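Protein chains in written order, with the working numbering: chain A, 1 to 327; chain B, 328 to 954.
Errors might be hidden in some of the hints.
[Said to hold, decoys possible] Simulated coverage check for chain A against chain B, where a stretch passes if three residues somewhere in it have a Cβ under 8 Å from a Cβ of chain B:
| id | segment |
| --- | --- |
| 1 | 54-64 |
| 2 | 227-233 |
[Said to hold, decoys possible] Derived SDA-like pairs (lysine to any residue); straight-line CA-CA distance at most 20 Å:
| id | chain 1 | residue 1 | chain 2 | residue 2 |
| --- | --- | --- | --- | --- |
| 3 | B | K846 | A | A322 |
| 4 | B | K721 | B | P807 |
| 5 | B | K721 | A | T62 |
| 6 | B | K721 | A | G78 |
| 7 | B | K736 | B | E800 |
| 8 | B | K846 | A | Y315 |
| 9 | B | K736 | B | P807 |
| 10 | B | K721 | A | R63 |
| 11 | B | K721 | A | S74 |
| 12 | B | K721 | B | G805 |
| 13 | B | K721 | A | G79 |
| 14 | B | K810 | B | R717 |
| 15 | B | K721 | A | E291 |
| 16 | B | K577 | B | N923 |
| 17 | B | K721 | A | T76 |
| 18 | B | K846 | B | V677 |
| 19 | B | K721 | A | E77 |
Read the hints as simulated data drawn from the structure, not as lab findings.
These numbers come from a predicted model, not from an experiment.
Even glycine gets a Cβ: it sits at the ideal position worked out from N, Cα and C.
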Amino acid sequence: MNVASHSNAEARPPATVRIRSLGRPDRFVYALLRAVPTWALWLLVILWTVPTGSLFLNSFRTRDAQRATGWWASFTEGGWTLDNYGDVLSSSRQTGGLAQALLNSFAIAIPATVIPIAIAAMAAYAFAWIPFRGREWLFIATVSLLALPNQVALLPLLQLFAGGAHWTVPGSGTVVTLFPDLNLAGTLTAVWLTHTAFAMPFAIFLLHNYISSLPDELFEAARIDGADHFTIFWRLVVPLSVPALAAFAIFQFLWTWNDYLIAITMIGANGANYPATIKIASLAGEFGLREHLLSAGAFVQAGVPMLVFFALQRYFVRGLLAGSVKS
Amino acid sequence: MDALTGALWSSTAAIGISALLFLGANRLFDLVAERWRLFVAVVGAMSGALSFGILIGNRVLDGPRVLWIAAGGAIVACLALAPGLFANHRLRLAVGVGSGVLVGLFLTFVVDAAVRPTVNTIGLLAFVGIACIVYLISAATVGRIRPGGVLVAAALGWTAGCWLLGDIGSGSRSSMALAVIGPTSLIGAALGAGPIRTRPDRDRFQHRARVGTFLGPALLFVVLGLIVPLVRTIYLSLYDARGRNWVGFKNYGEILTNDRSIDLADWANIFTSRLFVSGVGLLAVGAVVGLRLGRRRGRVLGAATGSIAPALVGGSLLMFAVFSTLRGTVINNLWWVIVVTLVSTGLGLVAAVLADRTRFESVAKSLIFLPMAISFVGAGIIWRFMYIARPPQKPQTGVFNAVWVGLGKLAPGTVGQAVGLIILAALTAGMAGICLFGIRRRQSAIAIGAALSALPVLYLAYRLVGPGLGGVEVGPLGQPIGKPILFVQEGPFNNVWMMVVLIWIQTGFAMVILSAAIKAVPGDLIDAARIDGADERQVFYRVTLPTIVPTVIVIVTTLIVLVMKVFDIVRVMTNGNFGTQVIANEMWQRTFTEFNLGLGSALAAVLFLGVVPAMALNVRRMQRVRL
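Based on the provided sequences and hints, a complete structural model is requested.
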């Protein structure tokens, strides 16, 4: 009975119709109608899986097979190979050089995940449990920046990293340096800092939702024992917030691993620091010798987040929900 | 490997240093309650060392750096401590001013002659006045006005007035003395005028300092990384391509009037397009059904599947008619936002409802959700493989065109056509059976639905027997040849094929959240409705749907914000060619390949303006939740 859900209600006779009272052909039609939602669901699932499946199968086909036929032909005609993966990872003119890019992706994603967590957890604790004047509006102002498009901050941040901020005094021509030139253009540090800034509103929002829901008595007891804010934060809040921290970490890792915009803007022309997304995007931009490596490359790039996703799906979903469905 | 280890080392070092700074700040503020003097000395030494370091960094002081920094620390620490030694108010003030004058005199003699400014008395007074007024206004709005604050503001105004207005390097020793002694004595007075800190004062101060240490780093990133850049982007959008000359709203004007952004030239074609005509037709059907239903229920318009479904389909056809005729970057972006948001949310709701309480719920949901883990770039590549179109004489390697051209090649008399006809006949028979079932059971919805669903099946059968189903055309020799669809290159519907990619990614997001919302609908609410005699359909439309409306709104706003800045997919699949340009990609190209900073910033500002309503909505929602 539970197969029939709400959506086929339209096709469903009212509860007064008893299945036993139906004739044989009617019972058949009724069973058919009841199965419609299940079939619709599987149709949707198949439609949603075919693209990834196609890429996966294509990545194991030889160059000639990929150029001649679609992946379904290889079930009868053969043409399977593992070479694409080796080729796309190793670096030479004809191959992808994706191994280095994958390391760069890790080098971007790991610090860009760890740094925001630490900073945002402290801020979320302050917003949740340290009373001060203006707390409400400061919190709302910070979190409202969630919707800020990254594009708005890209150029000024790049200018800040690549030249500092200077102000020429009108009239006298004196240049006052407001922010020193750190010469960070093309470095991974610029990418980390940008990711950290962009992650702040969401991280604070997510962690605050969790930390503020911790029981009040806990903090009362700690305060009576003479614990100061630092002790409470470190000994109490951090260990108790591990689920929320993990949820945000997965989010941020997927986001930074999959990011293209910030990396291409901040790294610019410094090809040695390109992460995997830029590498496969440039593979996709050329039509030639290496085209057959594209599917393997794309699959390798997507493999890491898919593993993370399947292994830690529960935390990921919890994070999503905490960010959206709030009473 | 070098990059990774290097990155790990430097990030570990950065985290370590930040942690030490954080711990150090906490230790420092631990001193406030019990050991106030030590705290004052440490803070004074630190700010002295810092300011002397800045002076050395700007080559104002000559000599060994370490010595100067140490001296600066010591001098300012003494300056800060001195007033605290006396209990009498007047004496404290005198000591503060006196030590300030001494420090100023000292600086007058040691600082390089090359930086001595001339002093413009009127300008100086104006700067001091402005600084004091700014302080008074801001202090009055935020909190209490303090005499010390006025003095510090005056000192800042004095410094700015001397060095910004004066002619640097051509001043005399006396003008230098005036420029230096003024601010230092004012700060000394501020230190001396301050009240003697009582224990409650110190506790309050300590509490505030804690807030600072916990919030400071995050606010630093938010302000320096988001707010200041936002302001600067808006500022740059009012300047020319190099960011030098003020041009007012010219960049915005160019976005609004440029043919590439908004091209309304073909607007008249909207009304003759097939999409428009069929859309109007469906709307009319919906209206007629609605009116009839309404008459039966005693209302103007009756809402039911029979009236809503045609109206919805007709409305979307009208929308497609408009967007496929009017072209341009901004129009494309609007098209993206509307289609992806509505379709993702709708499909997500359908998937969530279909999967709810089935046996394979978690598997099905995981598979639909999986694209969320794939990057936009990767998704673009995946779908490029789906959309490949190859010349007609070669086998199609993309799934869609293989199916499309394969269907077209089902020539009369082939096995394929026979199989197709059998399948279609079976479908028609099934529909007819369901229709009969509906008539016998007096379920007009089932009967009409089945009869209507049979129509497209019959049309497919006609195409299969007659002109051919799918991509086929008559070749020069009269034989049929395949005609693949150029999904990526052929406008304006290549936009829609690219939207499919984002819909593919975002449906899982909508589904997961809606699924959780549906499961969170209180069970007793549904039970109560059932006891009152509601069937499944009524339960869904009257109980479940109204309960999850807030969640739907959250999803819609999130998606609007996300789709507004769509970039990676367009960049990977067409890079804005073939009439698929969107604002974010245009912005990137203008800014980072053409270095037209003004126009690029204006485009970014347009994106920002687009999300302002969503931001306002979020703020409203949070205020309701929290207050």
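Here is what the structure says about each hint:
1. Proximity of the segment 54-64 of chain A to chain B, defined as three or more residues with a beta carbon under 8 Å from a beta carbon of that chain, is established by the 3 residues found.
2. Chain B is given as covering the segment 227-233 of chain A, and this holds because 4 residues of the stretch bring a CB closer than 8 Å to a CB of that chain, at least three being needed.
3. With a C-alpha separation of about 15 Å, the suggested pair B:K846 and A:A322 falls inside the 20 Å cut-off, and the hint holds.
4. Among the hinted pairs, B:K721 with B:P807 is consistent with the structure: their alpha-carbon atoms are about 14 Å apart, no more than 20 Å.
5. Simply put, B:K721 and A:T62 have alpha-carbon atoms about 18 Å apart, close enough for the 20 Å limit, and the pair holds.
6. Under the criterion of a C-alpha separation no larger than 20 Å, the hint pairing B:K721 with A:G78 is consistent with the structure, at around 19 Å.
7. At most 20 Å may separate the alpha-carbon atoms for a hinted pair to count; B:K736 and B:E800 meet this at roughly 10 Å.
8. Restraint check for B:K846 and A:Y315: the C-alpha separation of about 18 Å stays at or below 20 Å, so the hint holds.
9. Of the supplied pair hints, the one linking B:K736 and B:P807 holds, its CA atoms being roughly 7 Å apart against a limit of 20 Å.
10. Simply put, B:K721 and A:R63 have alpha-carbon atoms about 16 Å apart, close enough for the 20 Å limit, and the pair holds.
11. For the hint linking B:K721 to A:S74, the alpha-carbon distance of about 16 Å falls within 20 Å, and the restraint holds.
12. For the given pair, B:K721 sits about 19 Å from B:G805 by alpha-carbon distance, which is consistent with the 20 Å threshold.
13. The straight-line distance between the Cα atoms of B:K721 and A:G79 is roughly 18 Å, inside the 20 Å bound, and the hint therefore holds.
14. Between B:K810 and B:R717, the direct Cα distance comes to roughly 9 Å. Compliance with the 20 Å bound is thereby established for this hinted pair.
15. At roughly 18 Å between alpha-carbon atoms, B:K721 and A:E291 fall within 20 Å of each other, so this suggested pair holds.
16. Restraint check for B:K577 and B:N923: the C-alpha separation of about 13 Å stays at or below 20 Å, so the hint holds.
17. In summary, the hint linking B:K721 to A:T76 is supported, as the alpha carbons are separated by about 18 Å, within the 20 Å threshold.
18. Distance restraint check for B:K846 and B:V677: the Cα-Cα separation of roughly 14 Å lies within the 20 Å cut-off, and the hinted pair is therefore satisfied.
19. Annotation: proposed proximity of B:K721 to A:E77 holds, straight-line Cα distance about 17 Å (limit 20 Å).
Of the numbered hints given earlier, the model fails none.
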